[in-house]
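Please model the entire structure based on the sequences and the hints provided.
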Amino acid sequence: MKILTRIARFVWNQKLVTLSIIILVAVVASALLVHLIAPFDPYAQDLVLRNKPPLTPAPGGGIHLLGTDPLGRDELARLMLGSQISLSVSVASVVISGLFGTTVGLIAGYYRNWFDDIMMRLVDLQMSVPSLLIALLVLYVLGPSFVNIVLVLAVTRWMVYARVSRGLMLALREELFVEAARSLGASNFRIIVRHLLPNLAAPILVLATLELAVMMLTEASLSFLGLGIQPPESSWGLMLAEGREYLTSAPWLVAVPGIAILLTTLSVNIIATWFRARTASTSAVRGGEEKITSEVEI
Amino acid sequence: MSSVQKLAAAGEAGGQSLPDVSRPLLEVRDLTVSFNAPHGLVKAVNGVSFSVSPRERVGIVGESGSGKSVTAQALLGLLPTATVTGQILFDGRDILSMPKSDLRALRGWDISYIFQDPLSALDPVRTIGDQISQPLRLRGVHQKEAKTRAIQMLAKVGIREPARRYKDYPHQFSGGMRQRVMIAMALIGEPRLVIADEPTTALDVRVQAQVIDLLYSLTEEQGTAVVFITHDLGILAGFADRMMVMYAGRVMEAAETDELYYRSINPYTLGLLQSLPRIDGPIPLTLTAIGGRPPSPSNLPGGCSFHPRCRYAQDICTAERPPLETPENGTHPSACHFANWLTEEPGVLR
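So the sequences go chain by chain: A and B.
For the first sequence, numbering that gives the first Met the number 0 assigns the number 0 to the initial residue and increments by one for each residue that follows.
For the second sequence, numbering that gives the first Met the number 0 assigns the number 0 to the initial residue and increments by one for each residue that follows.
Hints may contain errors.
[Stated by the list, open to error] Chain B regions said to be covered by chain A (calculated; three or more residues, Cβ under 8 Å): (1) 100–109; (2) 123–132.
[Unchecked claim] The following label-pair restraints were derived from C-beta to C-beta distances: (3) Met126(A) to Leu40(B): 36 to 44 Å; (4) Arg277(A) to Gln273(B): 53 to 61 Å; (5) Met126(A) to Leu275(B): 53 to 61 Å; (6) Leu136(A) to Gly174(B): 54 to 62 Å; (7) Leu136(A) to Lys143(B): 52 to 60 Å; (8) His170(B) to Ile36(A): 42 to 50 Å; (9) Phe9(A) to Ser297(B): 55 to 63 Å; (10) Ile36(A) to Ser173(B): 51 to 59 Å; (11) Gln313(B) to Phe114(A): 50 to 58 Å; (12) Arg138(B) to Ser127(A): 42 to 50 Å; (13) Val90(A) to His170(B): 27 to 35 Å.
[Unchecked claim] Quick partial rundown of chain A residues pointing at chain B, CB under 8 Å, derived from the structure: (14) Glu178; (15) Ala179; (16) Arg181; (17) Leu183; (18) Gly184; (19) Ala185; (20) Ser186; (21) Pro197; (22) Asn198.
Simulated from the structure, these hints should not be mistaken for lab results.
C-beta atoms are modelled at their ideal positions from N, C-alpha and C, and glycine is treated no differently.
Following this line, the structure appears as structure tokens:
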């Protein structure tokens, strides 16, 4: 009972966050269960039913809720299939870039030695080149595939984590509790892993949620430009690209994946903002939030 | 007579030798600490020597910038950016030249440190219990046993419901309680020496007294030697066996506590004492302050460092630095050209 009242209070107080959570859960569920809950087979073509608008009834019974694409496939089923790739690409690339970037930032910020100098100059260098350009170049050479896309996305965004975690480390390493741990005989490794990392966890997690949206959009851009996911696989960005030719005759082909991208990234951002506000009070890092937002702008 | 001599004499008188008391637990020889700053070399500590016997409580008193905290941090090798010379012998081994891993093994186990500000010396995202048991866990004590001992330690420092508070976070504790937690953390490894760096400065007066009493009784019980650093002469009266007054990175006077309070032979110490209100006399309307400011450690005056502020300074004080010596008929060392005279005529400056 108690839990129910708490949930009810949360829903009432945080309507927007609740809505965002519902949207995200729906997206994740449709990605995981696409073959179970999709109204039609996402690969089944019906050339008679090309580019039908939303709410067209299907001859075999049922309704094409979001219309059909140029090959007569159900747009909703395609959208659910596309969410699989869009989500897994963005989550995987966030995890990889987050792990790598945070590790670099931790070490650089803690020791402040040659490693710091080299890595931060590398970050500056990479920041000065448009990341989409690097991604396009690498994918052009290596060829687009799921693994390559994930790696390229991770390589283009690791420096955001490196910069943020290094900046936070510079403040944290001067904290008295670090010296206190040292005075108790803790080694550098232990201080970094047991004391500093937990203090960084909240701001890095917030950054990762924001980055999830960035990754999703970048993947969409890459697919849109033709160097991302290749047909017959589908992602939201690819759907957007394929629908572009029919923009005047069948606008829902662009609108549907576009709105899906918009709603998902918006939900992620709203949840990230809420999470940030919640964790700000228990963090040892002051000014960490502003740091994150200013880094993301870059 | 220092307590080392006292103990040794007692041992001889009893016809048996007490183990290891003749050797000081900690011996600092000619310690200097300097920092490279953009505006030049900052000389924080300039040739400090002292020793601490087992179970002895030594107070180090000085103004801000006198080098007392830097001395304390040097004792544990906690100054990675500073240039430290001299010798710091703990149990006969030099802390300054020992390998890093040996030093880590020493910290928190043989020597531990209590920080000035308990509010920021505890990690905000880890539980109190986790942090108190850390010194034990670092030495491979099993988690269960470490927890039991940590809860016992929490009870000893006067935290109520220790088993429940074990899981709490620092922000759920008040300032005084956090300092108790810091003391628990410092003493759980039963170290032989505790360095307390102004442990009561951040606390209000009533809590100060409680914390000092606690530190006294626990170190007495465990037989721990204490180096207590403070700017407050009054705090040490009932606590320290011996005291050392520091100024501009040098020792001005070192004596047993009563000796220092009643028979000081150094104008600086006397100045500090006169700036304290006395409980046994009429309440003064104004307290006597020492004029001027302590010198900048990057630009120390020649001669006696205290001469610009000393009311009794003579020509010799600007020209020559007085050594820390015991005057002919004196009982303890003082770094003043007129220590002899002050010994002959006690109370002349009061």
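Here is how each hint holds up against the structure:
1. Proximity of the segment 100–109 of chain B to chain A, defined as three or more residues with a beta carbon under 8 Å from a beta carbon of that chain, is established by the 6 residues found.
2. Counting residues of the segment 123–132 of chain B whose CB lies closer than 8 Å to any CB of chain A gives 3, so the stated coverage by that chain holds, three being the minimum.
3. In this structure, Met126(A) and Leu40(B) meet the distance hint of 36 to 44 Å, their C-beta atoms being roughly 38 Å apart.
4. With their beta carbons about 55 Å apart, Arg277(A) and Gln273(B) fall inside the hinted range of 53 to 61 Å.
5. Separation of Met126(A) from Leu275(B) is about 59 Å and conforms to the stated range, judged on CB atoms against 53 to 61 Å.
6. The given range of 54 to 62 Å is respected by Leu136(A) and Gly174(B), whose C-beta atoms sit roughly 57 Å from each other.
7. For the pair Leu136(A) and Lys143(B), the supplied restraint of 52 to 60 Å holds, since their beta-carbon distance comes to about 56 Å.
8. His170(B) and Ile36(A) have their C-beta atoms about 45 Å apart, which keeps the hinted 42 to 50 Å range intact.
9. Between Phe9(A) and Ser297(B) the Cβ separation comes to about 57 Å, which falls inside the hinted range of 55 to 63 Å.
10. In this structure the supplied range 51 to 59 Å holds for Ile36(A) paired with Ser173(B), their Cβ-Cβ distance being about 55 Å.
11. Separated by about 57 Å at the C-beta atoms, Gln313(B) and Phe114(A) satisfy the suggested range of 50 to 58 Å.
12. Hint check: Arg138(B) to Ser127(A), Cβ distance near 49 Å, so the stated range 42 to 50 Å holds.
13. One distance hint, 27 to 35 Å for the beta-carbon pair Val90(A) and His170(B), holds here, with the actual separation near 33 Å.
14. Checking Glu178(A) against chain B: minimum C-beta separation of about 6 Å stays under 8 Å; hint holds.
15. The criterion of a C-beta within 8 Å of any C-beta in chain B is met by Ala179(A), whose closest approach is roughly 4 Å, and the hint holds.
16. Annotation: interface hint on Arg181(A) holds; nearest CB of chain B at approximately 7 Å, less than 8 Å.
17. The beta carbon of Leu183(A) comes within 3 Å of a beta carbon in chain B, closer than 8 Å, and the hint placing it at the interface holds.
18. Here the hint on Gly184(A) is kept, as its CB sits about 4 Å from the closest CB of chain B, short of 8 Å.
19. Hint on Ala185(A) holds. Least Cβ distance to chain B is approximately 6 Å, under the 8 Å limit.
20. The restraint placing Ser186(A) at the interface with chain B holds, with a minimum CB-CB distance near 6 Å, inside the 8 Å limit.
21. A hinted interface residue such as Pro197(A) counts as satisfied when its beta carbon comes closer than 8 Å to some beta carbon of chain B; here the least separation is about 5 Å, so the hint holds.
22. Proximity of Asn198(A) to chain B holds as hinted, the smallest CB-CB distance being about 5 Å (cut-off 8 Å).
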